[in-house]
Structure formats: C-alpha cells, structure tokens
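**Q** So the sequence lines, in the order shown, correspond to chains U and E. Under our numbering, read the first sequence as residues 1384 to 1496, first letter to last. Under our numbering, read the second sequence as residues 1236 to 1344, first letter to last.
No wet-lab data here; the hints were simulated from the structure. All of these numbers come straight from a predicted model, not from anything done at the bench. Heads up, some of the hints might be wrong.
Stated by the list, open to error - Think about it this way: if two alpha-carbon atoms lie no more than 27 Å apart in a straight line, the pair counts; the simulated DSS-like pairs of lysine-lysine are: (1) U:Lys1425 with E:Lys1246; (2) U:Lys1425 with U:Lys1491; (3) E:Lys1246 with U:Lys1428; (4) U:Lys1495 with U:Lys1428; (5) U:Lys1462 with U:Lys1385; (6) U:Lys1428 with U:Lys1385; (7) E:Lys1305 with E:Lys1292; (8) U:Lys1425 with U:Lys1462; (9) U:Lys1385 with U:Lys1488; (10) E:Lys1305 with U:Lys1428; (11) E:Lys1246 with E:Lys1305; (12) U:Lys1488 with U:Lys1462; (13) U:Lys1428 with U:Lys1491; (14) U:Lys1385 with E:Lys1288; (15) U:Lys1385 with U:Lys1491; (16) E:Lys1246 with U:Lys1488; (17) E:Lys1292 with U:Lys1428; (18) E:Lys1292 with E:Lys1246; (19) E:Lys1292 with U:Lys1425; (20) U:Lys1428 with U:Lys1462; (21) U:Lys1491 with U:Lys1462; (22) U:Lys1495 with U:Lys1425; (23) E:Lys1305 with E:Lys1288; (24) E:Lys1292 with U:Lys1488.
Said to hold, decoys possible - Label-pair distances were calculated between CB atoms; the ranges are: (25) U:Lys1385 with E:Ser1300: 38 to 46 Å; (26) U:Lys1462 with E:Pro1337: 21 to 29 Å; (27) U:Gly1441 with E:Pro1337: 24 to 32 Å.
Even for Gly, the Cβ is constructed at its ideal location relative to N, Cα and C.
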Amino acid sequence: RKEVEQDPGPFNVPEGATVAFNCTYSNSASQSFFWYRQDCRKEPKLLMSVYSSGNEDGRFTAQLNRASQYISLLIRDSKLSDSATYLCVVNRNYGGSQGNLIFGKGTKLSVKP
Amino acid sequence: DAGITQSPRHKVTETGTPVTLRCHQTENHRYMYWYRQDPGHGLRLIHYSYGVKDTDKGEVSDGYSVSRSKTEDFLLTLESATSSQTSVYFCAIGTDTQYFGPGTRLTVL
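Pulled out of the complex, with its shape left as it was, chain U reads as follows (with noise of 0.2 Å):
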C-alpha cells in the first residue's frame, strides 16, 4: 500500500451537491491527520486537522478510521469556491522527529454552475 493514497479525480460535481473523498494511509502508528486545499498555481493551505472522534467546520466533514486507516472529507452544499484540489496529509511519527508529513497526490474537485 502506497503511504498516503487518494482517488486523483476528478470530481466534477454541480453547485450544491454534496461530495466525499477519501484517503488511505499505511503507517498504523500514524498520529496527526490533515487536509489541505490547493488552488491552482497556488501554495498548499490547512483546511482542518482531522481527530479520531471526527470534526466538523461549516459545510466541512472530516472522519478518521484508525482500524481501516482511512480518512474522508465531506463537503456540503459545494460552492464554486471549492473547487480546488484537496490534499490528504498524514504523519509518519517516526520517533516522534520533525518534517515527517506525507501529503497525498490530491483529489481534484471542481464544482460547476
């Protein structure tokens, strides 16, 4: 299993649907979850971390499976504005050392009138 694997897109969704991504990660000692939202030419941004007993921000979802180590995104009622490509970040925790973040290849999403 690749480290951090997401389905590429991509999602071509209309305004005001709902839409999910998901993520799968290798490492089981794993510890911090994110997601990430890049714009296109643009630099990376945190949309949210994600915490085991799931979180939510607005319209946005996140879930975290430890046993299946699976994490998704929910969006609701999408807007124009999401279309981006979203990033899933996992952490190696290896010996608890710095700079050990591995970022999906992103899921594409774009949202149209």
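Fit chain E to the known structure of chain U by using the hints.
**A** Positioned in the frame of chain U, the structure of chain E alone reads:
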C-alpha cells in the same frame, strides 16, 4: 496567513548553473522545510531545519543543500542545476501543522 515569503517567485536558468532559493519567515518558528511539487507526485520533502545551523535531509535531498544562519531565513541551493530539478519549490514552517510560502517556480533548461 503565516508570514512566509519566498524569493525569487519565478526563475529560469540553465543546466549546470548554481541556484539559491530563499525562504523568509516573520513567525520566529524553529522548524522550516523545503518541498518540491511535481505532477504525479505529492509534495516531497527535500531538507528541513530544526534551528539555526541545524538541518537534516528529507526524502529527495540529492543535488540540494541548505543553510540556516538566522531563524528567519532558510536557503535552498542547487549546486549545479539539472533539468530534473525543474519544479515548484515550497517552503513551510511549523511543527505538526505546517504552513506554506507562495512557492518558487524554477525551470532548468
């Protein structure tokens, strides 16, 4: 937004020439990172720093060196640029959660 700037933002150079990219932060953060991003790959760590003069290699460090003489500046040097180093380079700061600079688009002809 985290106070991170990168310079230059765009650069075109020729194979074999040295290139230095600069990352500057105003957050006084201890940890800084250099990544490259290429089509078909996720962001890949080149080098990182955990303090002034303290650096370590990432997963794709061959052909790159770094220096950190001040907390706010982290330099990435390509000693002799190759076409395979054509990429977008991002600097980041943070510990578990990382924040990125705007990126430098480097083309090596």
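**Q** With a cut-off of 27 Å on the C-alpha distance, tell me whether Lys1425 of chain U and Lys1491 of chain U pass.
**A** It holds: about 14 Å lies between the C-alpha atoms, which stays within 27 Å.
**Q** With a cut-off of 27 Å on the C-alpha distance, tell me whether Lys1246 of chain E and Lys1488 of chain U pass.
**A** 25 Å, holds
**Q** Taking only the CA atoms, is the gap from Lys1425 of chain U to Lys1246 of chain E under or equal to 27 Å?
**A** Holds, at roughly 16 Å.
**Q** If you draw a straight line from the CA of Lys1246 of chain E to the CA of Lys1305 of chain E, is it 27 Å or shorter?
**A** Roughly 24 Å between the alpha carbons, so the hint for Lys1246 of chain E and Lys1305 of chain E holds.
**Q** Run the distance test for Lys1246 of chain E versus Lys1428 of chain U: straight-line Cα separation, threshold 27 Å.
**A** Given pair Lys1246 of chain E, Lys1428 of chain U holds - Cα atoms ~23 Å apart, limit 27 Å.
**Q** Assess, step by step, whether the Cα of Lys1292 of chain E is no farther than 27 Å from the Cα of Lys1428 of chain U, and give holds or violated.
**A** 24 Å, holds
**Q** Run the distance test for Lys1425 of chain U versus Lys1462 of chain U: straight-line Cα separation, threshold 27 Å.
**A** Measuring from Cα to Cα gives roughly 19 Å; hence the hint holds.
**Q** Does the structure keep Lys1428 of chain U and Lys1491 of chain U at a Cα separation of 27 Å or less?
**A** 15 Å, holds
**Q** Mind checking the alpha carbons of Lys1292 of chain E and Lys1425 of chain U for me, to see if they're no more than 27 Å apart?
**A** This hinted pair holds, its Cα atoms lying about 25 Å apart.
**Q** Next pair to validate is Lys1292 of chain E with Lys1488 of chain U; report whether the Cα-Cα distance is within 27 Å.
**A** Judged against 27 Å, a Cα distance of about 21 Å means the pair holds.
**Q** For a C-alpha distance cap of 27 Å, please report whether Lys1385 of chain U and Lys1288 of chain E respect it.
**A** 33 Å, violated
**Q** Do the alpha carbons of Lys1428 of chain U and Lys1462 of chain U lie within 27 Å of each other, as the hint requires?
**A** Holds - the C-alpha atoms of Lys1462 of chain U and Lys1428 of chain U are around 18 Å apart, at most 27 Å.
Consistency with the previously given hints fails for numbers 5, 14, 25, ordered from lowest to highest.
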